[in-house]
Amino acid sequence: MAHEAVIGLECHIQLRTRGKMFCGCPAEFGAPPDTNVCPVCLGLPGALPRANRAAVEAALRLGLALGCAIREESVFARKHYFYPDSPKNYQITQYDRPLCAGGSLPVGEAGGERRYDLERLHLEEDTGKSSHPVRAGDRAFSLVDFNRAGVPLLELVTQPVFREPAECAAFLAALRRLVRWLGVSDGDMEKGQLRCDANVSLRPAGAAALGVKTELKNLNSIRGVERGLAAEIARQRLLLEGGGVVGQATLSYDVEHDRLAVMRSKEDAHDYRYFPEPDLPVLRVVGAVLEAARAGLPELPWTRAARLVGRYGLSAHDASVLCEQRELADYYEACAAVADERLAANWVMTEVLRVLHERAGSIGEFAARVPAVRLGGLVARVAAKEIPGPLAKQVFGWMLDEEGGVDELLARHGVRAMGAATDLRPLVLEVLGEHAAAVAQVLAGSSRTLDFLVGQVMKKSRGQAAPQVVRELLETEFARRAAGESPPRAPRGGP
Amino acid sequence: MSARELWRLPARALATAVRAGECTALEAVSAGWDGPAALWERDVHAIAHSDPGARAAGAGAAPSGPLAGVPVVVKDNLCTHDHPTTCCSRMLDGYQPPYDATVVQRLREAGGVVSGKGNMDEFAMGSSTEFSCYGPTRNPYDLARVPGGSSGGPAAAVAYGLAPLALGSDTGGSVRQPAAFCGVVGLKPTYGRLSRYGLVAFASSLDQVGIFGRHAGDVALLYALLAGPDPLDATSRASLPPDVSGWDGGVEGLRFGWPANLWREGVEAEVVAGLEEAAAWLERAGARRVPFDFLPGEYAVATYYLVATAEASSNLARFDGVRYGHRDPAGHDLHALYTRSRSAGFGAEVQRRILLGTYALSAGYYEEVYLTAQRARARIRREYEAAFSRCDLLLMPAAPTLPFRLGEKLDDPLAMYLSDIFTLGANLAGIPGLSAPVTPAAGGLPRAVQLLGPDDGEALLLRAARALEVRGERARLDRSHEVEFAWPTKR
Numbered sequence: 001m002a003h004e005a006v007i008g009l010e011c012h013i014q015l016r017t018r019g020k021m022f023c024g025c026p027a028e029f030g031a032p033p034d035t036n037v038c039p040v041c042l043g044l045p046g047a048l049p050r051a052n053r054a055a056v057e058a059a060l061r062l063g064l065a066l067g068c069a070i071r072e073e074s075v076f077a078r079k080h081y082f083y084p085d086s087p088k089n090y091q092i093t094q095y096d097r098p099l100c101a102g103g104s105l106p107v108g109e110a111g112g113e114r115r116y117d118l119e120r121l122h123l124e125e126d127t128g129k130s131s132h133p134v135r136a137g138d139r140a141f142s143l144v145d146f147n148r149a150g151v152p153l154l155e156l157v158t159q160p161v162f163r164e165p166a167e168c169a170a171f172l173a174a175l176r177r178l179v180r181w182l183g184v185s186d187g188d189m190e191k192g193q194l195r196c197d198a199n200v201s202l203r204p205a206g207a208a209a210l211g212v213k214t215e216l217k218n219l220n221s222i223r224g225v226e227r228g229l230a231a232e233i234a235r236q237r238l239l240l241e242g243g244g245v246v247g248q249a250t251l252s253y254d255v256e257h258d259r260l261a262v263m264r265s266k267e268d269a270h271d272y273r274y275f276p277e278p279d280l281p282v283l284r285v286v287g288a289v290l291e292a293a294r295a296g297l298p299e300l301p302w303t304r305a306a307r308l309v310g311r312y313g314l315s316a317h318d319a320s321v322l323c324e325q326r327e328l329a330d331y332y333e334a335c336a337a338v339a340d341e342r343l344a345a346n347w348v349m350t351e352v353l354r355v356l357h358e359r360a361g362s363i364g365e366f367a368a369r370v371p372a373v374r375l376g377g378l379v380a381r382v383a384a385k386e387i388p389g390p391l392a393k394q395v396f397g398w399m400l401d402e403e404g405g406v407d408e409l410l411a412r413h414g415v416r417a418m419g420a421a422t423d424l425r426p427l428v429l430e431v432l433g434e435h436a437a438a439v440a441q442v443l444a445g446s447s448r449t450l451d452f453l454v455g456q457v458m459k460k461s462r463g464q465a466a467p468q469v470v471r472e473l474l475e476t477e478f479a480r481r482a483a484g485e486s487p488p489r490a491p492r493g494g495p
Numbered sequence: 001m002s003a004r005e006l007w008r009l010p011a012r013a014l015a016t017a018v019r020a021g022e023c024t025a026l027e028a029v030s031a032g033w034d035g036p037a038a039l040w041e042r043d044v045h046a047i048a049h050s051d052p053g054a055r056a057a058g059a060g061a062a063p064s065g066p067l068a069g070v071p072v073v074v075k076d077n078l079c080t081h082d083h084p085t086t087c088c089s090r091m092l093d094g095y096q097p098p099y100d101a102t103v104v105q106r107l108r109e110a111g112g113v114v115s116g117k118g119n120m121d122e123f124a125m126g127s128s129t130e131f132s133c134y135g136p137t138r139n140p141y142d143l144a145r146v147p148g149g150s151s152g153g154p155a156a157a158v159a160y161g162l163a164p165l166a167l168g169s170d171t172g173g174s175v176r177q178p179a180a181f182c183g184v185v186g187l188k189p190t191y192g193r194l195s196r197y198g199l200v201a202f203a204s205s206l207d208q209v210g211i212f213g214r215h216a217g218d219v220a221l222l223y224a225l226l227a228g229p230d231p232l233d234a235t236s237r238a239s240l241p242p243d244v245s246g247w248d249g250g251v252e253g254l255r256f257g258w259p260a261n262l263w264r265e266g267v268e269a270e271v272v273a274g275l276e277e278a279a280a281w282l283e284r285a286g287a288r289r290v291p292f293d294f295l296p297g298e299y300a301v302a303t304y305y306l307v308a309t310a311e312a313s314s315n316l317a318r319f320d321g322v323r324y325g326h327r328d329p330a331g332h333d334l335h336a337l338y339t340r341s342r343s344a345g346f347g348a349e350v351q352r353r354i355l356l357g358t359y360a361l362s363a364g365y366y367e368e369v370y371l372t373a374q375r376a377r378a379r380i381r382r383e384y385e386a387a388f389s390r391c392d393l394l395l396m397p398a399a400p401t402l403p404f405r406l407g408e409k410l411d412d413p414l415a416m417y418l419s420d421i422f423t424l425g426a427n428l429a430g431i432p433g434l435s436a437p438v439t440p441a442a443g444g445l446p447r448a449v450q451l452l453g454p455d456d457g458e459a460l461l462l463r464a465a466r467a468l469e470v471r472g473e474r475a476r477l478d479r480s481h482e483v484e485f486a487w488p489t490k491r
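One line per chain: the protein sequences are A and B, in this order.
Mapping to my numbering: the first sequence position 406 is 406, numbers consecutive.
Mapping to my numbering: the second sequence position 241 is 241, numbers consecutive.
The following block holds chain B by itself, in its conformation from the complex (with noise of 0.2 Å):
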């Protein structure tokens, strides 16, 4: 099979062709770097690092198992001990961590392959992966607009098939926006379901390993592999995993809430217009719509700000340029060791939110700020508990906007803030969330809905998705067959 063809498999398929000695595992793991695709990464700019011995030494010491030969893109964020970790900043720039971080050792115990680490916000912290200090990644449907973020890059390196499946995390949406914005599938686990060990921690509390694919069908099968307990994440959870092996099984009698309040302002209406098709498309499949108001939106903004950014000031503390990572050579005394490195080494942003967080949790602003934020977000998780009562899934926007241009939004934090209004509820209250693609808007730009489940929803998110995939024509396909991936074109 030439890699013309390799690199448009899905992953199942491509693991398949491997078992089955149709191709090596190395032609499987390069055929988006060799291929046609490759033409799109000088432009799309999706990958940070990039080794060509380090995939070829994994294609060789995995040619087995259910991802045999598969290249996955690994989000800069998520430890590999074969590929720099960097966090696309420059505190980390040239850090090679020691070990893998859990996700990454399940993924190759399963035969997958690292296939590069995905640009990302510097730290995971944005909504465009405009904040990377390698520079930003392009939406491969138009390359002057972003591809969401902070995840971007695993998330485009996907849609213009570098990889059928992707790493990324998702903290408040940095797995969901940026899979909306390149019109490919991206879930977000129920908290503690994915392993976060090895994962460099933003908010600990609201970070989860999330995974992007261009088919419900390899997610489906990437999250069965990798979730599951970690004793090295004392946060994940003990229990067994929610079984996703039903992922084609339809939606037929499937409850779907329906808040269209949540749209009647602020979202734009090719959004709607998608909110609208996705919502027909899972009835002509058997599910139903469950209208009602939902509004844990109101105070979930500033809840969010406060517990991440608190949060993200303390995990963020340990780089300070003494033990890895930058250190100012004019730092000549402790102090200025500190300060000096701390300031070169972190972009703006991430210092914004350093600084945010230090306030939220200093002596006489915590109770006000921190613990106010923790009832609001206890809150809010009771909110979803009790709209799950009325309904199986939720039906929402990912975000209320297409994916907007590059620098829109740079000098206006509160607006890139706004971008995750839809997402990030899914991370206070701890609950899954997936966005899927329905069909693109008036201009070629991916367009998307997102789903939030109950804890453990899973299976039926991953059903829903499929179901979309299909375009609602039927509730329940041949596991054989195949959707075609609306691929872009290159202009």
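In isolation and in its complexed conformation, chain A is listed as follows (with noise of 0.2 Å):
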């Protein structure tokens, strides 16, 4: 019998807030260990949580742009478990009662985005960092970093909507790139700001009811998500396929020897004992916050992207690929402002993502370099063909290193663009009247020696002038030379 994967996703999103959820200490990454710490966020005896106002905005954000419905007033709860990076030994989060409710979000290329609905999203604590084990002589021991102790995360919780691993892997970095794009958080899963745990189970294709699932934990790449979902669809698939069942449990995915290990079966399953956080007040979202939240949100990147196809007549593909991050959109469309938005397209896709994929640079760094203006300016230039394409490449180039608009480029370089008729006839009289019998083969017919002299053309111009230019100049010529005009007055020195 065929047998057909449901997939939920658990996704931890970290945010990028100064402070951390229930105290002041600095939420960053990196700082030397226990150095973010206070008698909060350390649990020590006494200490009490208060809510971070910033994180509560940056969870009302992300809720706002996928849809969800805001709860009014939400409750904090604790979760019971103990494990020294916990220290507490309770996490405070959300649980019958969360910030968010629903919503979806929306995968794929403008135009066709299917949309993955979603449970819920809530606001949590993040636990320290363990490593371990550690050696010391012949003894083994764990530490403890508590700088992560208490930075806020989001919990999203989605519906058991996915079948295919692939689709898991497009949901995560669609949601990376909504968290960048809202700026809540920089979403780095190798820095563990966007983690993700799946729940899996195979049922027959077609049935109604959902089989026994497993979890997945720490899958820390959407690679891993990917790899690992498959590793585990592939094992039940075995498991079902030989008569046998899946058992209730928790399992980890180690990608780097795709090599799945049972953590714990359903007899550990653990009771987490929630009860409502009774140290903190019911949070309560008034209605100006959330207007206020609803006003600052940024356009989605779905619906910008499905403007820019019917703005600008772009592709749903490029489209997509322009709003990948919000900052490249914006410089498109700055671009697209001044140039032709078609051709500023195909600059900003190729030219643009190639420097910042050579140098690994943000396109921040890229645009205080090259600010949309001056890019767009270039492509304007190209567009009215009084640059061509190689020279526009080049000038391009030293935009990267140096100041000054195109013109004072091309001077301090010692060239001029040759992208005007009158500019290149010249030179194409000359290689004619040097390649006599390339001329001849040409009058014969053939279109190759036709490309050899356009070569020529081209580097005696070196390379200043565009090559569907002289290919129209030269066209014109042998169609005069073919209908029997007499050839105009060669230049001097020619034959």
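Bear in mind the hints are in silico, worked out from the structure with no lab data behind them.
Mixed in with the good hints, there may be bad ones.
[Said to hold, decoys possible] If you want a taste of the chain A side facing chain B, the calculated C-beta under 8 Å gives, among others:
hint, residue
1, G43
2, L48
3, P49
4, K79
5, F82
6, P87
7, D271
8, A440
[As the list claims (entries may be wrong)] Quick list of in silico lysine to aspartate or glutamate cross-link-like pairs, DMTMM-like style, CA-CA up to 25 Å:
hint, chain 1, residue 1, chain 2, residue 2
9, A, K79, A, E113
10, A, K385, A, E351
11, A, K459, A, E386
12, A, K217, B, E368
13, A, K266, B, D333
14, A, K191, A, D254
15, A, K129, A, E256
16, A, K79, A, E155
17, A, K129, A, E113
18, A, K213, A, D186
19, A, K79, B, E41
20, A, K217, A, E190
Ideal placement from N, C-alpha and C gives every residue a C-beta, glycine not left out.
Dock chain one against chain two, each of which comes alone in its own frame, and use the hints as you go.
Structure, rendered in structure tokens:
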């Protein structure tokens, strides 16, 4: 019997707030161990939590962007489990009354998005970070760094809406783009700023009821999510098709070795003993705060991609590429404001993205060097055929390291754009004069020889000519000769 | 002024003397420790941690302010950066916090000095101060009897004269009951009026810092200095606290509820006689008695012990031997470290309540047990609100008995729990309460009554306490008039 997989994701998003969720300690990454701590995040006796307004506002941004219902009165709860990196041996989270419920995330290119439904989005605190085992002589022990303890997290839970691991990977990429777009998180999975657990079960294809699920924990890369799920689905399929049953369990996946390991089975399932956090009042989101959050929301990536298609005539694919980052879309639109929209899109997608990739820089750093209007100015000259493409690419290269406008750069490098036919005509005639044999071949119908002649003109122009203009000039000239017109006067020094 | 006199002074008079230069802050702080009162400490054992160096440093740091040089005993569950804070538990033996509780910080800013850390039932769980890892505190009026609890140390210290004021905590009566047993004034403010930041939590939704004093005026002063919003405590009330400066304003026209059904049975005759005496005094001072039946006690004890133990089981989870506190050296793996450290670090009563609370929060029982208790709690609060639509204050017993003997209820947890039957309702409802002494019972044991008020009713409570303090002779007295405290006699 064929089985289909049903997958639901639980994503943890570390918020990029200045302070921690329940105290004022810096939430930054990378400080020396146990330096960003205080009585509250260390769980010292007597210390009390207080909710960080900035974290609540970030949660509202994401919740509104996802179209969640925002609960006016949500409740923090304690989730109990003993572990050394949990300073209070309970985590403050939200349980039966989370801040946001429902909503969905669109995934895919403009116009062809699929919306994946969500169950909830809630605020909670991160734990400290354990490293173990550390060896000292013949003893092994664990170390805990509490800098991360209390850093604000958003937990996003999807409905069991995925069938394929690849869908989950695409969802995570879209979620990562969104949290960055909104500025709520850096979303770097390697730094643990975006983490993902997955619940997966198999059922006979077409069945309505869900099978027994297992939970895959700590999938810390998009590739890990995709491969881990594939491995677990294969494992469950093998079990079921062999007539066995899947046992409820929590597993971890080692992406390096493509190995699944059982962390705990159903027998050791935790009873978290949730109850409302008595140290925190009900979290009230008053209308004004919600309205301010709504008003402060940027145009969302999928809306923007659709607009790029509609307004600039871009393809859905190009619009999606440009909307991969909000700053990139901003850059593109600033560029398109002064240049041909489609050509600008090509330039941003090929040249700008190539530079970003090669130099591993951010679009912000790039824009500081080559502001959008500067690139737009160049693209406009290309569109007007004043500067040929190859030369424009050279100019673009100079722009990265030098100041100055297009003309300044050309002058500084001693080149003159030869976009206009009047500039190139003498060169064409010169080349025709030098290659009489080739001219004869072209007149006899060899198009390959025409390419050769184009190349020769380009060479003479030291790359400053636009090949299509050269080709057009050559074709015009041959057409005239074929029609029996007398050749124009050769430049001085010619035959 | 000699130490012989200083230790007897009310806090306000002592601060005045310090500010006027009649004595130094160090003399004021040391008066209780060096003077005749010091003879008591060895027998009573009110103090768990005492540090003359820290006292001297505190006195040096604060020679001015409304509490200039006034020593204040602080219960051992309020964090002090200069004294250990152990909750009188082996679990925290030797632990010294890196910070001051908000109330301690405000106390110091007003010129007050921590005199020592008051003995208590371990983690404030108990009604007799017998469950302290440092040994019990005894009642200064009869050393064979308990001082009440869990704040028995602070109450006893104020009673015998170590300090004119003390801070305690009241989760189900832990300030009002020991105040009653020791013959001092004990105020449990409205929930959220005194910051809980730095109070080691027992049951967060019930805990409230409370104040002990020999005089209503001293208690009013300390309340005014400590009360108010604290950004570090999200459950503190944001509004300005009630103005208690009119504590000496008399009780003319005040209506006090008289729910006599509460003491028809199960309450000692001496206690009932004390209630009659207090009612008569208040009436003589111009107040009016409003008799009606009031029955919030039916399910209050059960509700209280469900809510309190559930929250305690969670609050005490952090004591695990990993980061601070008692760590069992034989805990060779994580599970053994937890279980051995907690089994050895917590006393029997604390373990009993953690187990009860864990059960109440367990899957399958949470709805039935914890949520039912929360609904009962909401109903209890409504019943108190209804009562306060008929009267301004409620007059009722602080405890059903006079101070009992050490060991009398040690083996009977239920009997011990029932000694809070009249006090825990105020914690469930979040309302303020106060116990104030009346004339001692035959044999000299302290006897007291409890007054309960609506939210923010502290001013009325203190006025009534003041009226009882002046024995109802006059409704209003000149502020300079101090009634001599009824001191215990050494025997």
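(request) Hints the structure violates: just list their numbers, smallest first. (result) 4, 8, 9, 12, 17, 18, 19
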